[in-house]
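**Q** The primary structure of each chain is shown beneath.
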Amino acid sequence: MRDCALEDQVFSTPPLQVPEQLSITLRDYQQEAVDSWQANQCQGLIILPTGVGKSIVAIEAIRRCGEAALIVLPTIDLMIQWATQLEKHFQQPIGVYGGGSKELHPITVITYDSAVLMMEYIGDRFPLIIFDECHHLPGPVNRQAAELSPAPYRLGLTATPERNDNGEHLLYSLIGHEVYRREINDFDDGVLALYDTEVIEVPMTAEEQTEYQLNRQQYLDFVRSHRISFSSPYGWSNFLRACAQAPDGRQVLQAFRTQKEIAAASAAKFDKLWELLNQHRGERIIIFTALNKLAYDIGERFLLPVITHNTKAAERKRFLDRFRQGEFTVLVTSKVLNEGIDVPEASVGIIVSGSGSVREHVQRLGRILRPSADKRARLYELISAGSSEMNISERRRQHLAYDNQTQDNPEQEN
Amino acid sequence: MLTKDLQVYSLKSTRIIPGFIDVEAPGLLQFAEQLLTVFNEGTGKTRETIEAEAELYLQGQQNLKFGKGLYKILMDHAEFTLAEEDAGSRRDAILSAAASQLKQTEFQTLEAYRAAVQALSQQDPDTALYPDLPAFEQLTRIKRDFSPRQLLQRYNMAQVQALLLSTQSLTLTTQEMSAANLRRIFKCLKFFRLLAEIKQTKDKTTVVIDGPLSLLEGTKKYGLQIASFFPVICLLEQWQISAKVKPKRAVKTSNWMKHHSWSAITGICLPMCRKKSGCLPATLKNRRRLDLCCRIPVY
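Taken in order, these protein sequences are the chains called A and B.
Numbering of the first sequence is given in my numbering, commencing with residue 164 and proceeding in unit increments.
Numbering of the second sequence is given in my numbering, commencing with residue 2 and proceeding in unit increments.
No lab work stands behind these hints: they were computed from the structure.
A hint or two may mislead.
[As the list claims (entries may be wrong)] With a Cα cut of at most 27 angstroms, we get these calculated DSS-like pairs of lysine-lysine:
{"#": "1", "chain 1": "A", "residue 1": "Lys498", "chain 2": "B", "residue 2": "Lys104"}
{"#": "2", "chain 1": "B", "residue 1": "Lys46", "chain 2": "A", "residue 2": "Lys498"}
{"#": "3", "chain 1": "B", "residue 1": "Lys5", "chain 2": "A", "residue 2": "Lys265"}
{"#": "4", "chain 1": "B", "residue 1": "Lys144", "chain 2": "B", "residue 2": "Lys66"}
{"#": "5", "chain 1": "B", "residue 1": "Lys247", "chain 2": "A", "residue 2": "Lys265"}
{"#": "6", "chain 1": "B", "residue 1": "Lys247", "chain 2": "A", "residue 2": "Lys475"}
{"#": "7", "chain 1": "A", "residue 1": "Lys498", "chain 2": "B", "residue 2": "Lys205"}
{"#": "8", "chain 1": "A", "residue 1": "Lys475", "chain 2": "B", "residue 2": "Lys73"}
{"#": "9", "chain 1": "B", "residue 1": "Lys222", "chain 2": "B", "residue 2": "Lys245"}
{"#": "10", "chain 1": "A", "residue 1": "Lys456", "chain 2": "B", "residue 2": "Lys69"}
{"#": "11", "chain 1": "B", "residue 1": "Lys104", "chain 2": "A", "residue 2": "Lys538"}
{"#": "12", "chain 1": "B", "residue 1": "Lys5", "chain 2": "A", "residue 2": "Lys475"}
All chains, full assembly: derive it from the sequences and hints.
**A** Following this line, the structure appears as structure tokens:
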């Protein structure tokens, strides 16, 4: 291919005003990560576990790049969190685009949703684009944020690049290849809190067991008779389509939901949950569920603050602030707090129900791993014995994070 | 009314053609019936439950946009219970009392804990804590009793209405403008605060409908009124309309989009980008003409 002159008329942005040094000292791995990225023409993916300071890596990358930067984030909460941190380090106003705000500054944070909608209008203002939690990017809509951006400098940050649909390969073409990676068990020097994970099997009552089996059998019979394979990426859609077309489809879907609900919210789980809440009184606890309904059931029963996608922005902020300040010690959530939210004080996580996604599980673990003085984090998983939850739990724990936990389990000792 | 993401239309030269569905198609009629069943049997159920039940049929629909459109029309016609106004302050009192109880060191039974919260907050913890969430609003009724066919007809009409939202004026031509029809038209024009200029010739009547400030180019004020007025036109026996509409938000093709190849800019292989940039129609910013002369049957 012949070399040809290229006149770049895309960017006319002035260089970014950045400090000569950050006010904090970078850890070795953070330094190495940014070095690798810079050596790769400021393009590529940095993969680090949750809680080890990926945002500091990004801040250093912005400083070294010295160009206007757009940081794309999955949620409004994360956007506000990042804006506060960026303002502290760069001592300049930070633009916030999304969640009702439309401010653009040389450093701007934006949600994936807004980035998809607005990139064609604002993309030429930001030579550097950073995708936080970039495993969201390969989705058919979100990827447009990267496709429509002309930014020559790109950085992707994630702890969990792997996707169920193998979409991680798309990340390499949208952001650049992997330039630095460290796994959770590479850290043993106090970067992350020490942690234990514990799976607690709780029995279902005889009545729950009977109803569970009945509904599960109906669902399994339908799946088998229609030869639906859930190992295919279209398994779930095929199941729904078959349900919509079959005369008994509605009942089958109801049976599927019922058996899930019975296993997810068995009476013994509530008893065990109350026991754990008592056991960890005074500690900061996050309770995770798979469904909003269960989150609200727990909230109603134990009189606890619940954050789901239905929670209004003002109330969500109020709950999170009170939790961070220690006024609330327990927070119940479905999926919205799975990623990125920084509450270093949280030390106990209780998963009442969840999916088989390794990514979701590792992200949930990450919520309690932020280092804090003398902290020992603990992640409990409550699963109903004899239900499909046992397999789901096995699946989601297929990650290195579960090889690195501390070995001294107090309950086993007792 | 349908939102932009649910609009279906095609562009042909300077014309825009709404994506009508066949209201007699058995598959579509069956789908409409299934959705209607969810709503008709949904009285007393929460918004969340209805959404989950409808999702079953929506996922079974190959044309998801159509499915969502039909669901949106039904939701627009559904009435839900109103949220409790002071639930927020009551919740705050209970949660604060509960938080202080949870900080105590001694073990409590759940019953003792709830009783202590009640005593401290002076609120009844047995009353729902989160009754004000939209997801928990209960369906009270459907404002119209649709048949499956009527629902599909309503969808076709909603497609036109969605396009009319961006118009400033509409020209209606009809051959049958009886006094009764004229009276109904005037009454509705007044109701929707629209102006009309009527020209009558021997064989047809032309009505140009707009608003008092429609001369101002930037105004989008009358789109909603004209769209809301459109069903009145559908009640006529014969009619023809013409309007200038703006299909979607205009695509501003910046210089960087016009003059640069993606790979040259980014230095990264972005095959999708090249395709995408090639597809961006700069002409989208131009208004298109919506001409309809067919009768869209309404009940």
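**Q** Holds or violated: B/Lys5 with A/Lys265, Cα cutoff 27 angstroms?
**A** Roughly 21 angstroms separates the two Cα atoms, so the pair holds.
**Q** Does B/Lys5 pair with A/Lys475 here, judged by a C-alpha cut-off of 27 angstroms?
**A** holds (25 angstroms)
**Q** Mind checking the alpha carbons of B/Lys247 and A/Lys475 for me, to see if they're no more than 27 angstroms apart?
**A** With a Cα-Cα distance of about 33 angstroms, the restraint between B/Lys247 and A/Lys475 is violated, given a limit of 27 angstroms.
**Q** Are the Cα atoms of A/Lys475 and B/Lys73 separated by 27 angstroms or less?
**A** holds (22 angstroms)
**Q** Is B/Lys222 close enough to B/Lys245, meaning Cα to Cα at most 27 angstroms?
**A** Holds, because 14 angstroms separates the two Cα atoms, which is no more than 27 angstroms.
**Q** Given the hinted pair A/Lys498 and B/Lys104, is their Cα-Cα distance within 27 angstroms?
**A** Judged against 27 angstroms, a Cα distance of about 26 angstroms means the pair holds.
**Q** CA of B/Lys104 to CA of A/Lys538, is that 27 angstroms or under?
**A** holds (18 angstroms)
**Q** Keeping to a limit of 27 angstroms between CA atoms, is the pair of A/Lys456 and B/Lys69 held or broken?
**A** holds (23 angstroms)
**Q** Is the Cα-Cα distance between B/Lys46 and A/Lys498 27 angstroms or less?
**A** holds (24 angstroms)
**Q** Is the hinted pair B/Lys144 and B/Lys66 satisfied, with a Cα-Cα distance of at most 27 angstroms?
**A** Since the Cα atoms of B/Lys144 and B/Lys66 sit roughly 23 angstroms apart, the hinted pair holds (cutoff 27 angstroms).
**Q** Between the alpha carbons of B/Lys247 and A/Lys265, is the straight-line distance 27 angstroms or under?
**A** It holds: about 24 angstroms lies between the C-alpha atoms, which stays within 27 angstroms.
**Q** Taking only the CA atoms, is the gap from A/Lys498 to B/Lys205 under or equal to 27 angstroms?
**A** Given that 27 angstroms is the threshold and the Cα spacing comes to 61 angstroms, the pair is violated.
Consistency note: the structure conflicts with the earlier hints numbered 6 and 7.
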